[in-house]
Amino acid sequence: IAGITQAPTSQILAAGRRMTLRCTQDMRHNAMYWYRQDLGLGLRLIHYSNTAGTTGKGEVPDGYSVSRANTDDFPLTLASAVPSQTSVYFCASSDRASGQETQYFGPGTRLLVL
Amino acid sequence: GENVEQHPSTLSVQEGDSAVIKCTYSDSASNYFPWYKQELGKGPQLIIDIRSNVGEKKDQRIAVTLNKTAKHFSLHITETQPEDSAVYFCAASRTTGFQKLVFGTGTRLLVSP
Numbered sequence: 002i003a004g005i006t007q008a009p010t011s012q013i014l015a016a017g018r019r020m021t022l023r024c025t026q027d028m029r030h031n032a033m034y035w036y037r038q039d040l041g042l043g044l045r046l047i048h049y050s051n052t053a054g055t056t057g058k059g060e061v062p063d064g065y066s067v068s069r070a071n072t073d074d075f076p077l078t079l080a081s082a083v084p085s086q087t088s089v090y091f092c093a094s095s096d097r098a099s100g101q102e103t104q105y106f107g108p109g110t111r112l113l114v115l
Numbered sequence: 234g235e236n237v238e239q240h241p242s243t244l245s246v247q248e249g250d251s252a253v254i255k256c257t258y259s260d261s262a263s264n265y266f267p268w269y270k271q272e273l274g275k276g277p278q279l280i281i282d283i284r285s286n287v288g289e290k291k292d293q294r295i296a297v298t299l300n301k302t303a304k305h306f307s308l309h310i311t312e313t314q315p316e317d318s319a320v321y322f323c324a325a326s327r328t329t330g331f332q333k334l335v336f337g338t339g340t341r342l343l344v345s346p
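The listed protein sequences correspond, in order, to chains A and B. Numbered according to this note's numbering, the first sequence spans residues 2 to 115. Numbered according to this note's numbering, the second sequence spans residues 234 to 346.
One or more hints might be untrue.
What the hints assert, rightly or not - With a cut-off of at most 20 Å between alpha-carbon atoms, the simulated SDA-like pairs for lysine to any residue come out as follows:
(1) B/K270 x A/T6
(2) B/K255 x B/D317
(3) A/K58 x B/K255
(4) B/K333 x A/Y65
(5) B/K255 x A/T6
(6) B/K275 x B/R327
(7) B/K333 x A/S11
(8) B/K333 x B/I283
As the list claims (entries may be wrong) - Facing chain B, from chain A, some residues (calculated, C-beta under 7 Å):
(9) D27
(10) L44
(11) Y65
(12) T103
(13) F106
(14) G107
(15) G109
These are computed hints drawn from the structure, not numbers from a lab. By construction, the Cβ of each residue, glycine as well, lies at the ideal position given by its N, Cα and C atoms.
Generate the whole structure from the sequences, applying the supplied hints.
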């Protein structure tokens, strides 16, 4: 069981370019989350999905979009990247359907926007 | 909304000493308090959590205490080892409705041999 995988591991992106960060989980968890981690700010929620077909906005959603076409995949898209989106992005999932609050995190994607 | 404050931001101890990290939260309805450990280049990993119906929970060398009246909770690591060196995050959330975890800003723990 791989848990949560994220791709790419790291990326350098020119400002204005479109980028999709991929996240896949094999635990059949119903809930999935995207966070960004910045020095001194901890982890902040960007978007979330309680179940396939639904998504919601977190604390810092501007400039990002997500989709949840199936249970396993939760891609995060930056439509037109800006330097302030330079960060480490973590995908997470939890088995909310079973009442489990624990969120399991992927290894992260390090993004540099120039 | 919920706000979580975490102290200290850095903590240096000698191997074998104890380490304590403290967090306060603002939402009195929060009832789930996990602690995550993040090693360099990796994602956060849950190490222990506590729910509001208990005041203390232990798992070998780590323990968490919760004071709901004062709205603060703490992580205690005893007999620290160099492999405990990492960044630790506390978080808080409600368990009803959508579970939005709000994280503290992290504590970098360094355990020197």
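Checklist entry - With 7 Å as the cut and Cβ atoms as the points, is A/Y65 at the interface with chain B? => result violated (16 Å)
Item to check | Proposed proximity, B/I283 with B/K333 (alpha carbon, max 20 Å) | outcome: holds (16 Å)
Checklist entry - Does the interface hint hold: is A/G107 within less than 7 Å of chain B, judged Cβ to Cβ? => result Status holds, d = 5 Å.
Next on the checklist: Does the closest beta carbon of chain B sit nearer than 7 Å to the beta carbon of A/F106?
Outcome noted: This hint holds: A/F106 lies near chain B, its Cβ roughly 4 Å from the closest one there, short of 7 Å.
Checklist entry - Is the interface hint for A/D27 satisfied, with its Cβ closer than 7 Å to some Cβ of chain B? => result violated (16 Å)
Item to check | Holds or violated: A/K58 to B/K255, with C-alpha atoms at most 20 Å apart | outcome: violated (29 Å)
Next on the checklist: Hint check: B/K275 vs B/R327, CA-CA at most 20 Å. Holds or violated?
Outcome noted: Measuring from Cα to Cα gives roughly 26 Å; hence the hint is violated.
Next on the checklist: Next item in the hint list is A/T103. Is there a CB on chain B closer than 7 Å to its CB?
Outcome noted: Given a least distance of 5 Å, the restraint on A/T103 holds.
Item to check | Hint check, A/G109 versus chain B [nearest Cβ-Cβ separation less than 7 Å] | outcome: holds (5 Å)
Checklist entry - Is B/K270 close enough to A/T6, meaning Cα to Cα at most 20 Å? => result The given pair, whose Cα atoms are some 18 Å apart, holds under the 20 Å limit.
Checklist entry - Are the Cα positions of B/K255 and A/T6 separated by 20 Å at most? => result Distance ~31 Å between B/K255 and A/T6 Cα, so the pair is violated.
Checklist entry - Holds or violated: B/K333 with A/Y65, Cα cutoff 20 Å? => result holds (18 Å)
Hint violations for this structure: numbers 3, 5, 6, 7, 9, 11, all remaining hints satisfied.
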